[in-house]
Amino acid sequence: MRSSKRSAQQFGIIAGISLILYVIFKHADFGYQFYWGVLYEVNPTYKEIFGYWLLRGLQLTIEISLISTAIALVLGTIFGIARLSAFKPTYYLATGYVEFFRNTPLLVQLFFWYFAFPLALPSTIRIFLNEHNFEFWAATIGLGVYTGSFVAEIVRAGIQAIPHGHVEAALSSGLSRTKMLRFVILPQAFRVIIPPLGSEFLNNMKNSSLAMTIGVAELCWQSQQIESFTFRGFEATSAASLIYLGLSLSISAVMNTINHHLKIGQEKQLTVLDRIFGFFFKPFYFAGKLVFIIVRLFKQTFRLGEYAPVHEEALYASIWSRLAAVIWKWLVYAAKIIFVCLFIGVVFLIAYAVYSFNWAVIWKNLPALLFWTFPHGGAGEIFFGLGGLSLSIIIAGIALFASFFIGLVFGLGRLSRNPMISTPSILYIEIIRGNPLIMVIFWVYFFSPIVTGMQIDVFWSATIAFTIFSGAYLAEIVRAGVSAIPNGQIEAATASGLNYFQVMRKVVLPQALKIMIPAIVGQFISLFKDTSLAYIIGVFELTTIAQTLNNRLMIFPFEIYTTIAVLYFICCYSMSMVARQLENKYSPS
Amino acid sequence: MKRLIQGVALSFCFILLLGTTLCFAGTTYDKVNKDGVVRIGLMYNSIPAAYFNDKNEWVGFDVDIAEEVAKRIGQEMGKEIKVERVKLNNKTRISFLTSGRIDMSTANMTHKRERDRTIDFSITYFFDGQKILAKKGLYTKHEDFVGKKIASMQGTTSEKNAINLLKKLGDANAEKNVISFQDEPSCFLALQQDKVAGWSTDSTILLGYAAKEPGKYELVGDFFSDEPYGIGLPENDSDWRDAVNFAIQDMWTDGTYMNIYNKWYGPDTLYYFPMTEKIEMWP
Numbered sequence: 001m002r003s004s005k006r007s008a009q010q011f012g013i014i015a016g017i018s019l020i021l022y023v024i025f026k027h028a029d030f031g032y033q034f035y036w037g038v039l040y041e042v043n044p045t046y047k048e049i050f051g052y053w054l055l056r057g058l059q060l061t062i063e064i065s066l067i068s069t070a071i072a073l074v075l076g077t078i079f080g081i082a083r084l085s086a087f088k089p090t091y092y093l094a095t096g097y098v099e100f101f102r103n104t105p106l107l108v109q110l111f112f113w114y115f116a117f118p119l120a121l122p123s124t125i126r127i128f129l130n131e132h133n134f135e136f137w138a139a140t141i142g143l144g145v146y147t148g149s150f151v152a153e154i155v156r157a158g159i160q161a162i163p164h165g166h167v168e169a170a171l172s173s174g175l176s177r178t179k180m181l182r183f184v185i186l187p188q189a190f191r192v193i194i195p196p197l198g199s200e201f202l203n204n205m206k207n208s209s210l211a212m213t214i215g216v217a218e219l220c221w222q223s224q225q226i227e228s229f230t231f232r233g234f235e236a237t238s239a240a241s242l243i244y245l246g247l248s249l250s251i252s253a254v255m256n257t258i259n260h261h262l263k264i265g266q267e268k269q270l271t272v273l274d275r276i277f278g279f280f281f282k283p284f285y286f287a288g289k290l291v292f293i294i295v296r297l298f299k300q301t302f303r304l305g306e307y308a309p310v311h312e313e314a315l316y317a318s319i320w321s322r323l324a325a326v327i328w329k330w331l332v333y334a335a336k337i338i339f340v341c342l343f344i345g346v347v348f349l350i351a352y353a354v355y356s357f358n359w360a361v362i363w364k365n366l367p368a369l370l371f372w373t374f375p376h377g378g379a380g381e382i383f384f385g386l387g388g389l390s391l392s393i394i395i396a397g398i399a400l401f402a403s404f405f406i407g408l409v410f411g412l413g414r415l416s417r418n419p420m421i422s423t424p425s426i427l428y429i430e431i432i433r434g435n436p437l438i439m440v441i442f443w444v445y446f447f448s449p450i451v452t453g454m455q456i457d458v459f460w461s462a463t464i465a466f467t468i469f470s471g472a473y474l475a476e477i478v479r480a481g482v483s484a485i486p487n488g489q490i491e492a493a494t495a496s497g498l499n500y501f502q503v504m505r506k507v508v509l510p511q512a513l514k515i516m517i518p519a520i521v522g523q524f525i526s527l528f529k530d531t532s533l534a535y536i537i538g539v540f541e542l543t544t545i546a547q548t549l550n551n552r553l554m555i556f557p558f559e560i561y562t563t564i565a566v567l568y569f570i571c572c573y574s575m576s577m578v579a580r581q582l583e584n585k586y587s588p589s
Numbered sequence: 001m002k003r004l005i006q007g008v009a010l011s012f013c014f015i016l017l018l019g020t021t022l023c024f025a026g027t028t029y030d031k032v033n034k035d036g037v038v039r040i041g042l043m044y045n046s047i048p049a050a051y052f053n054d055k056n057e058w059v060g061f062d063v064d065i066a067e068e069v070a071k072r073i074g075q076e077m078g079k080e081i082k083v084e085r086v087k088l089n090n091k092t093r094i095s096f097l098t099s100g101r102i103d104m105s106t107a108n109m110t111h112k113r114e115r116d117r118t119i120d121f122s123i124t125y126f127f128d129g130q131k132i133l134a135k136k137g138l139y140t141k142h143e144d145f146v147g148k149k150i151a152s153m154q155g156t157t158s159e160k161n162a163i164n165l166l167k168k169l170g171d172a173n174a175e176k177n178v179i180s181f182q183d184e185p186s187c188f189l190a191l192q193q194d195k196v197a198g199w200s201t202d203s204t205i206l207l208g209y210a211a212k213e214p215g216k217y218e219l220v221g222d223f224f225s226d227e228p229y230g231i232g233l234p235e236n237d238s239d240w241r242d243a244v245n246f247a248i249q250d251m252w253t254d255g256t257y258m259n260i261y262n263k264w265y266g267p268d269t270l271y272y273f274p275m276t277e278k279i280e281m282w283p
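As given, the protein sequences belong to chains A and B, one line each in that order.
The numbering used here puts the first residue of the first sequence at 1, with every later residue one more than the last.
The numbering used here puts the first residue of the second sequence at 1, with every later residue one more than the last.
None of these hints come from the bench; they were simulated from the model.
Incorrect hints may appear among the rest.
[As the list claims (entries may be wrong)] If you anchor each label on the Cβ, the simulated ranges turn out as follows:
1) A:L297 - B:K135: 57 to 65 Å
2) A:Y500 - B:E175: 57 to 65 Å
3) A:S356 - B:K148: 26 to 34 Å
4) B:G137 - A:T124: 18 to 26 Å
5) B:K148 - A:P122: 18 to 26 Å
6) B:D194 - A:V346: 21 to 29 Å
7) B:K135 - A:P375: 40 to 48 Å
[Claimed, not checked] Dumping the calculated EDC-like pairs for lysine to aspartate or glutamate here, alpha-carbon to alpha-carbon at most 20 Å:
8) B:K31 - A:D457
9) A:K364 - B:D54
10) B:K148 - A:E99
11) A:K47 - B:E114
12) B:K167 - A:E48
13) B:K168 - A:D457
14) B:K176 - A:D457
Predicted model, so just to flag it, every value in this text is computed and none were measured.
Heads up, the beta-carbon is just placed ideally off N, CA and C, and yes, glycines get one too.
I would like the entire structure built from these sequences, with the hints used as guidance.
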């Protein structure tokens, strides 16, 4: 009863906010005439309805998201398990994969897959690729590999969350290692990891917007296409944002129901929505059952996996089984040796490729990549012409600092019991989190001149966008941190006569901050990687400089892209080391 | 509750205040005259129009033309005016003008009627046309590109022109076969690695890139569209537009224009592009 009253209140507030916004846009004069008809009317110049373009883009976005999610799931599971392997080369390979791809920006990776990777292939394969929609596959596989590295970490954490006793119990009850993994570990681990996995898939969908940079005509690309044809950037960007928001909300709804359906150990509490979705899951459920029955029939028919009775042919069986064990042992050895050889081979190839780089080019341009023309910038350039890596760091730093306060306000606001405060906070957090960063950048870029009547520098435009974006994520970190403080402390503090702000400042926040620190460092790392997106509106940060240098040199794309990938990696990896140390220092256990 | 209403009212006032005070009133000419600063938008990734050379200096044909125009306007005003260079790309070059971030944009901009709805243009200061660049010896005419992929840059007129050309020649998949990238380097990389059979844009841009690896690329076929470049100017601001137009015409009359032209497109340069047209002159 209470909850329904609350949601009615929330609904009322949302309606109120929309009404205010509507009135503002209808009557306030921004010196800009909104023209939403551009989306559904036939454009007289081009004889097209641009709304259709967005729908075509949406279809491609969904395709890319689904396929790359599947790739990420497969890669993530394999490498996540491999990271726990006792066999060192496997561990090194998996760790290298996870750390490298997590710590470089997706944009740089996509450039690598699309522009640099094909150079390493024979020309016949290259021509074949180019004839088969290579943009689409480069984006999809690039995205899958990137998300896979995050999934791998989630899978690893999920497996490690299983108590070791289960492993011992499974092994001692006679299961082989694969069977133990298949029947005991993975079913439990997947239940643990489904919530983080869901948000990773959501990120994956949002990240698919980066495919626009290599010419894939997905949703974000189409909205910009409409902008460039009609100069109606605000309308096109808003429409695309709404579509992204809808997509995000439906993905999280599906993930929530899956979560509810898979819950074990306690009684299932299914909502109406869950039951409706459950109806769609039924076919999968029956398909799973069917596969299971077929496998069992197959096994029964061929008597696989059954041991011969010991008393009849004990000697015979023991010889054969001993021989089989020996052969198996050697096979494993051989496989390991082959794996090590391949591993060394790959490392050697990479080392050789790096060795044969034109290092003179890299050394000559390194100062430009780090500082650009600082301190000899021209008139009107920010920070005396500073650019490159140092500008990326500055953008991330300013945005993190400013967004921390936004996060604090909205994170606490979301926890407020007053719906007048909590509803706007929820709206801000969910609308921003439901949209790709690239859309937020376009918003700020197209919206700021409409509101303020002037165009701010792209540097500030990008920094504001990063601040707004990261504020929503920090708000969630703050919320989690504050929720982790036992309620008793708040009650005790209130009972001793402190008011709300005193309770927060003196009791809750000092403790919550400690819990939040590793997550904040994590947010800083992803913010730093995201600064590469400022490339799209021409901020002279590292990725833009790389493009500009590449433009002039033209024949050294490998050198340039590898250098910036390494620069990003060094920064992110050292920060994630710090995060790990902090986590160890502040973790409650 | 009361506080909330107060807060909302305050933020309203703030937004309205911001909106009204920052809208610049008066003409660009007066503003430049008063401040002594002209803000010029220039590309940074376009060789040889405007790019960063190996000393990371911002140079090119457009840069020289814009500086010369600014200098002449300053002479007419009777004082030295400072030039502030603002970096532009194909996403920002029109919105920076409409929002007043820059006073003029010298950025490979073809004068188009659709574009003229939101901004104005000076008289044509450079005559270009669209062609297709391809690897040497593979293609001889436009028809050879039917069914093949062509690179272009998103948000440019050459993108639409390339689609129309393929459609006219009977390519059923014209829309799909023209692949749009975000910048010129990406287009050239795609061509270099055979991801596309050709790259189509204004021929001087193509010449600039082809000169990176001499003898490997060639222009195929004739011009298939005229691309008259104009300097982008704020909408409905005729004093300023006159000043820019007169400066361009004066440059042509006293020979400064051809000096700049030959510096970047003359026979001794990597980007040789013979001058065949004439700047529009008003007696």
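When the hints from earlier in the document are held up against this structure, which numbers fail?
-> Hints 10, 13, 14 are the ones this structure does not satisfy, whereas the remaining hints hold.
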